[in-house]
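Chemist: Residue numbers (my numbering), protein chains in the order written: chain U, 43 to 479; chain C, 43 to 479.
Everything labelled a hint here was simulated from the structure, so no lab data went into it. Keep in mind that a hint or two might mislead.
Pairs count within a copy or across copies, as identical chains cannot be separated in the list.
[What the hints assert, rightly or not] Straight-line distance between alpha carbons at most 20 Å, and here's what the computed EDC-like set of lysine to aspartate or glutamate pairs gives:
1. K249 x E279
2. K444 x E241
3. K296 x E374
4. K381 x E294
5. K213 x E330
6. K444 x D157
7. K213 x E178
8. K249 x D259
9. K213 x D177
10. K271 x E242
11. K213 x E280
12. K444 x E374
13. K166 x E210
14. K296 x D230
15. K271 x E210
16. K213 x D230
17. K271 x E241
18. K296 x D157
Protein chains: 2
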Amino acid sequence: IKAGSRTELVEMLKRWDPIDVMQLLVRLRLKQARKLFNWLPANPSIKVIAELRPEYRSLLMEEATQEQFRDILAGLDPEDAADILNGFPEDIAEALAHRLPDVEEVTSRQSYADDSAGRIMARKFVALPMTCSVDEAVAQIRADASRIRKVYTLYVIDEDGRLTGTVELGKLLLAPGTSTLGAIMNRDFLAVSSDTDQEEVLRLAAKRDIRAVPVIDSHGRLIGRISPKQLNRIATEEAAEDMLLMSGVSSEAKANDAILRIVRGRLPWLLTGLIGSSIAAMVVGSFEDQLATAAILAAFIPVTMSMAGNAGLQASTVAVQGIATGNIWSGEITHRLLKEFLAALMNGAIAGSILALLTLLASTLVPIEAPLHLALATSLSLLSVTTLAAMVGATVPLALNKLGIDPAMATGVFITSSNDILGVLVFFLMATTFYLS
Amino acid sequence: IKAGSRTELVEMLKRWDPIDVMQLLVRLRLKQARKLFNWLPANPSIKVIAELRPEYRSLLMEEATQEQFRDILAGLDPEDAADILNGFPEDIAEALAHRLPDVEEVTSRQSYADDSAGRIMARKFVALPMTCSVDEAVAQIRADASRIRKVYTLYVIDEDGRLTGTVELGKLLLAPGTSTLGAIMNRDFLAVSSDTDQEEVLRLAAKRDIRAVPVIDSHGRLIGRISPKQLNRIATEEAAEDMLLMSGVSSEAKANDAILRIVRGRLPWLLTGLIGSSIAAMVVGSFEDQLATAAILAAFIPVTMSMAGNAGLQASTVAVQGIATGNIWSGEITHRLLKEFLAALMNGAIAGSILALLTLLASTLVPIEAPLHLALATSLSLLSVTTLAAMVGATVPLALNKLGIDPAMATGVFITSSNDILGVLVFFLMATTFYLS
Chain U
43 IKAGSRTELV
53 EMLKRWDPID
63 VMQLLVRLRL
73 KQARKLFNWL
83 PANPSIKVIA
93 ELRPEYRSLL
103 MEEATQEQFR
113 DILAGLDPED
123 AADILNGFPE
133 DIAEALAHRL
143 PDVEEVTSRQ
153 SYADDSAGRI
163 MARKFVALPM
173 TCSVDEAVAQ
183 IRADASRIRK
193 VYTLYVIDED
203 GRLTGTVELG
213 KLLLAPGTST
223 LGAIMNRDFL
233 AVSSDTDQEE
243 VLRLAAKRDI
253 RAVPVIDSHG
263 RLIGRISPKQ
273 LNRIATEEAA
283 EDMLLMSGVS
293 SEAKANDAIL
303 RIVRGRLPWL
313 LTGLIGSSIA
323 AMVVGSFEDQ
333 LATAAILAAF
343 IPVTMSMAGN
353 AGLQASTVAV
363 QGIATGNIWS
373 GEITHRLLKE
383 FLAALMNGAI
393 AGSILALLTL
403 LASTLVPIEA
413 PLHLALATSL
423 SLLSVTTLAA
433 MVGATVPLAL
443 NKLGIDPAMA
453 TGVFITSSND
463 ILGVLVFFLM
473 ATTFYLS
Chain C
43 IKAGSRTELV
53 EMLKRWDPID
63 VMQLLVRLRL
73 KQARKLFNWL
83 PANPSIKVIA
93 ELRPEYRSLL
103 MEEATQEQFR
113 DILAGLDPED
123 AADILNGFPE
133 DIAEALAHRL
143 PDVEEVTSRQ
153 SYADDSAGRI
163 MARKFVALPM
173 TCSVDEAVAQ
183 IRADASRIRK
193 VYTLYVIDED
203 GRLTGTVELG
213 KLLLAPGTST
223 LGAIMNRDFL
233 AVSSDTDQEE
243 VLRLAAKRDI
253 RAVPVIDSHG
263 RLIGRISPKQ
273 LNRIATEEAA
283 EDMLLMSGVS
293 SEAKANDAIL
303 RIVRGRLPWL
313 LTGLIGSSIA
323 AMVVGSFEDQ
333 LATAAILAAF
343 IPVTMSMAGN
353 AGLQASTVAV
363 QGIATGNIWS
373 GEITHRLLKE
383 FLAALMNGAI
393 AGSILALLTL
403 LASTLVPIEA
413 PLHLALATSL
423 SLLSVTTLAA
433 MVGATVPLAL
443 NKLGIDPAMA
453 TGVFITSSND
463 ILGVLVFFLM
473 ATTFYLS
């Protein structure tokens, strides 16, 4: 790539599909990608930028000149342009926005709250009066064809601009040309207000199996439309957030965050975990005398803790996932918990037996006092810890959900810590009872 | 609910939205839900069933009579009917399928592999010859209107039934009535074969931003269509699978699995974890003499392990997520790892300082020998463990991905175990060097 002459390369890339150019760019080092990108003439580069993930757009364009910038932004969808501007400091964003043809479109989005329907909606939609006939509607769409690429639903408004109904394109095709939109429109439609949270928009759209959602203001006037592309984006974001929260990372964490953002996103949970494990340390410390008598007991701390952690994480992930997908039959929770309990008991019994065997095996290699008693104590404690941790993991998310707390977030923090503490406590109690007594 | 008379209740539910009835049902105990469901006349119950998640359908219908069954299945979309039949033992499913009007539709799906495009495709689509004019196409769609509810794309086929192009409904509306479909169709379309994996279908559809994907056989003939609803379902499933795999649960785990399925889905990872932590136990055991001298050291095992676990989980989740969403700029991996390293160093330094303070504080309450040395040893070990665990967590998923192994699965199993072992090893080495020497 580096050896080839610039003109040849650009000629070649021009003939490529924008998606392929984009995939080439993200495989290069950032500096080379920027250089290559700056070589591209405006037309293909706009298409490439449109294919790129939003985070990369600003990275790639950091070194572009203001001129290039204006051309590229002007060529993008206003939603995409606004996303890019969002990634810049406010003064630069404003200076750039003023040079754009769709100034109003781009800047007015900034006035809506983050993650609200207003922030993600597009202002491009087809709205027609109720009195419009089917033939007139078709003519209108033909006239607007260049401006609107993909239309599947027409919005019908009254004389004050209030949304009164929707007409699917298929229905328009089937209806006689002289009937009015008011007569054929669907009056039982879904619309959200501009301050509705994007999660709520997604939930409503999914419930009704609707692919584009109209946005109305406080007077019921149609002001925008959330596209299927945006809905997909929200869905992906929401799934990712749950996963990140459960692992104790801030839900906005991205793979290419700056250092301070990484620290900010992870430190709170690390410190909460530190407090939790310090309590576990105090529990261990209170058994110092027993440890001094039988230092071998310390070797079982990692086993107990890792088992408690794993069993708890498994049960809580299934529960969090079940809540998120609505897959939990609320009427059958007791039954569900009973099943979790029995399954954990079985898992714990199997793991406990294996640990007992390993302990007896180890006693033939290194001198261990009363190996049978030790095997009994450790396997019984593994059984109890596994069962206990699974029950905590299965119950806490359901309880938190009932209290209106996001189960994904709380699960990561509290279940791990409480299982750490419970784990060592149960282990030392069992060890004291069955081994040291 | 129980007190009200049956007739009144049924009258009331008939007037409800099927979605609301569905939501009432899942809040009841299973027995009551079944009873109530059996009271409902066929028509509303079909709509309710269509709204229910597939897993619940078979649960709810277990006690329905064969007669009810046939009526309900016949009223559902063939895809939904096939899903329900899939949930039954083969002989019953066959007996039921033969009584359905769409026998062929329902049973032929069973012949495709699990998770293949053939299994999830619908056979309802609008296919017209290339020579068909726009006006004829509109007439054809009108005639089929009752059979097909939502059409957005027409498929254009040649005389052998091979797919040659697609026409968006919007385009049909805009084109002159006399032009042929062959002239206006889009020839650069996406189609998948019936044995394409559903994940691959999703990836292709997402890349092209396409909402319904046509399915062709080995001769290029159009045989089905994957609906937007199915694509959404795949997307949700895929996101859930990653999360479950990372937590060490089989990717097919559901919140309402039977006991043996729960055990089977979780035991392998628990046992792998047991082996990993047994190695950690051996490491601790090899420091038995040091522990006998200073039993207090055992108290720091939980702190070290929990910190290693958390830091590793955080880093690996961000990496797995970044890989899954394509959010990692491949050209910048060294830079990314450097950032992870510096961030982990900062987090480790902060957590280490706090642990040192806690240790010194504890030494004022209980007698601890050489508290300053202990504080130094434990905080340094926390710093190293955090950094090391984060680097393992950030690197392993990337490496596995390069090797073609699903990073989500391997991450859960290997990172936790290796961090457990590394954690205790580093801790005891630090303790021996700075505290016991």
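Chemist: Look at each hint and say if it fits the structure.
Modeler: How the hints compare with the structure:
{"no.": "1", "hint": "K249 x E279", "result": "both (18 Å within a copy, 17 Å between copies)"}
{"no.": "2", "hint": "K444 x E241", "result": "within (18 Å within a copy, 34 Å between copies)"}
{"no.": "3", "hint": "K296 x E374", "result": "between (37 Å within a copy, 14 Å between copies)"}
{"no.": "4", "hint": "K381 x E294", "result": "between (35 Å within a copy, 17 Å between copies)"}
{"no.": "5", "hint": "K213 x E330", "result": "neither (78 Å within a copy, 79 Å between copies)"}
{"no.": "6", "hint": "K444 x D157", "result": "neither (24 Å within a copy, 34 Å between copies)"}
{"no.": "7", "hint": "K213 x E178", "result": "both (15 Å within a copy, 16 Å between copies)"}
{"no.": "8", "hint": "K249 x D259", "result": "neither (22 Å within a copy, 33 Å between copies)"}
{"no.": "9", "hint": "K213 x D177", "result": "both (13 Å within a copy, 15 Å between copies)"}
{"no.": "10", "hint": "K271 x E242", "result": "both (16 Å within a copy, 19 Å between copies)"}
{"no.": "11", "hint": "K213 x E280", "result": "neither (33 Å within a copy, 34 Å between copies)"}
{"no.": "12", "hint": "K444 x E374", "result": "within (15 Å within a copy, 43 Å between copies)"}
{"no.": "13", "hint": "K166 x E210", "result": "both (16 Å within a copy, 19 Å between copies)"}
{"no.": "14", "hint": "K296 x D230", "result": "neither (39 Å within a copy, 34 Å between copies)"}
{"no.": "15", "hint": "K271 x E210", "result": "both (18 Å within a copy, 17 Å between copies)"}
{"no.": "16", "hint": "K213 x D230", "result": "within (15 Å within a copy, 27 Å between copies)"}
{"no.": "17", "hint": "K271 x E241", "result": "both (15 Å within a copy, 19 Å between copies)"}
{"no.": "18", "hint": "K296 x D157", "result": "within (17 Å within a copy, 30 Å between copies)"}
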